[in-house]
Every structure is written in C-alpha cells, then in structure tokens.
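Given next are the chains, with one letter for each unit.
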Amino acid sequence: KNEVEQSPQNLTAQEGEFITINCSYSVGISALHWLQQHPGGGIVSLFMLSSGKKKHGRLIATINIQEKHSSLHITASHPRDSAVYICGRWWGTSYGKLTFGQGTILTVHP
Amino acid sequence: DTGVSQNPRHKITKRGQNVTFRCDPISEHNRLYWYRQTLGQGPEFLTYFQNEAQLEKSRLLSDRFSAERPKGSFSTLEIQRTEQGDSAMYLCASSLVGSGEGRKREYAQFFGPGTRLTVL
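Taken in sequence, the protein lines are chains A and B.
The opening position of the first sequence corresponds to residue 891 in the working numbering, with each subsequent residue numbered one higher.
The opening position of the second sequence corresponds to residue 3 in the working numbering, with each subsequent residue numbered one higher.
No lab work stands behind these hints: they were computed from the structure.
Each residue gets a CB set at the ideal place from its N, CA and C atoms; glycine is no exception.
Heads up, a few of these hints could be off.
[What the hints assert, rightly or not] Distance ranges between label pairs, derived from CB positions: (1) A:966 to B:30: 34 to 40 Å; (2) B:5 to A:948: 21 to 27 Å; (3) A:969 to B:58: 38 to 44 Å; (4) A:898 to B:80: 37 to 43 Å; (5) B:16 to A:893: 31 to 37 Å; (6) A:963 to B:120: 32 to 38 Å; (7) A:898 to B:82: 35 to 41 Å; (8) B:122 to A:943: 46 to 52 Å; (9) A:955 to B:42: 28 to 34 Å.
[To be verified] Stretch-level coverage of chain B by chain A, calculated; a stretch enters the list once three of its residues show a Cβ under 8 Å from a Cβ in chain A: (10) 39-51; (11) 110-117.
Please model the complete structure; the sequences and the hints are all you need to start from.
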C-alpha cells in the first residue's frame, strides 16, 4: 500500500462545477503539499499545509491531521484548471523528500 | 517560471549511452532534490542535497546513477549505460530550509520544468 493515496484517479467536470480531490496518507506528516502539473511536465506548488485550511483564489486546501486526510477544492472550475493534481507528504526537517500520490487527472470541459 | 531551470529539456539517447542532466536551483536555496516521474505516476524521490552534501539516496538510484552538487549551487545527475527502463521525466526541485537572522524559513519545494529522457 502506498503511503499516499489519491482519489479519484480521473475526474471529468463541466465548467463552473465545484471539484474535490482527496488525499489520504498512512503515516505521520509534518506538512502536505498540493502540486499542479500541466501537460508538458511543469510542476507548480499550490499549497503546503500542516493544519486547517488555506485558500488561494479559487483553490482551497484543507487538512485533517487526526484523520490523515486532505482535500483540494476548486470552485467555479474552468478548462484551464485541467491538469494533474498531486499531493505529497513531507516529514520533518531532517528528511527532505516528498512522497507523492499517483496524481488525479482533472479535465474540465467548457 | 519557478526560478528552477533544468537542461536539457529533452534528451533522446540509445541504450548503453551515458547522459548527464543539469539543474540550477533558486540561488538562495540550500536544498536540492531529484525526482523521477514515469507516465501516469507521481514523482518518485531519487536523492537530495543540503548545500553540497548528498544526504539521502533512494534505493531507486542504482549504481548507474550518480548525482553531484559540487559547490552547493547547481547539480548534475548522470546515468551511465542507460537502459530503456530509465526513460522518464527527471525533475529537480529546490527549497530553503532552516532559519537564521534575516532568513526566511521556507519548506515549499519549487520544481523545475524537468528533463524528459527517452532511451531507444
């Protein structure tokens, strides 16, 4: 079993819909990253959070440490949001690596 | 543009050849990471550096792989005797870890655009 699991693996939505992508992890974390990857490979870091909720524009990330679960929400989705969304678990300052989920492929149709 | 650059962006090579990739991190970042990503998967950790010291290597990094960061700035990842299974996107990321007077603590990793390797 992977340390980090995402669901769904594929998500199709119509423009304007509210979207939720889920991330569950099986071991402790210091922080959870949400990344966005567009076709062609470039990765953009969206959020890093260790508790509560963060918001940036139409994107909202929440985390529940007790339940070992995080969600990424997109409000008023747009075709330009189509990308792969990846969550990554980060542990401590002594260990630098991120352990990633397999990614969620989001397609938003106009 | 995150400020992390990688070269080349694409590399096609024949099996058995050696290849070298370069990553230039954000200049003030002290940590540099290498990841590998195959189609349909999230990135997998390969190795990371704190300044010039290589602190951790994944078991994915076989003896054919070597990474250096000689002056604590740019890094190179070399793959010797490439195999078709090495075909992947190789991603570099950097971050600034630790705090000091006047320094910001920032753990977020900033990724480069990646180098796509195809081994024929």
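Status of the hints after comparison with the structure:
{"no.": "1", "hint": "A:966 to B:30: 34 to 40 Å", "in the structure": "36 Å, holds"}
{"no.": "2", "hint": "B:5 to A:948: 21 to 27 Å", "in the structure": "24 Å, holds"}
{"no.": "3", "hint": "A:969 to B:58: 38 to 44 Å", "in the structure": "39 Å, holds"}
{"no.": "4", "hint": "A:898 to B:80: 37 to 43 Å", "in the structure": "38 Å, holds"}
{"no.": "5", "hint": "B:16 to A:893: 31 to 37 Å", "in the structure": "36 Å, holds"}
{"no.": "6", "hint": "A:963 to B:120: 32 to 38 Å", "in the structure": "36 Å, holds"}
{"no.": "7", "hint": "A:898 to B:82: 35 to 41 Å", "in the structure": "39 Å, holds"}
{"no.": "8", "hint": "B:122 to A:943: 46 to 52 Å", "in the structure": "47 Å, holds"}
{"no.": "9", "hint": "A:955 to B:42: 28 to 34 Å", "in the structure": "29 Å, holds"}
{"no.": "10", "hint": "39-51", "in the structure": "holds (count 8)"}
{"no.": "11", "hint": "110-117", "in the structure": "holds (count 6)"}
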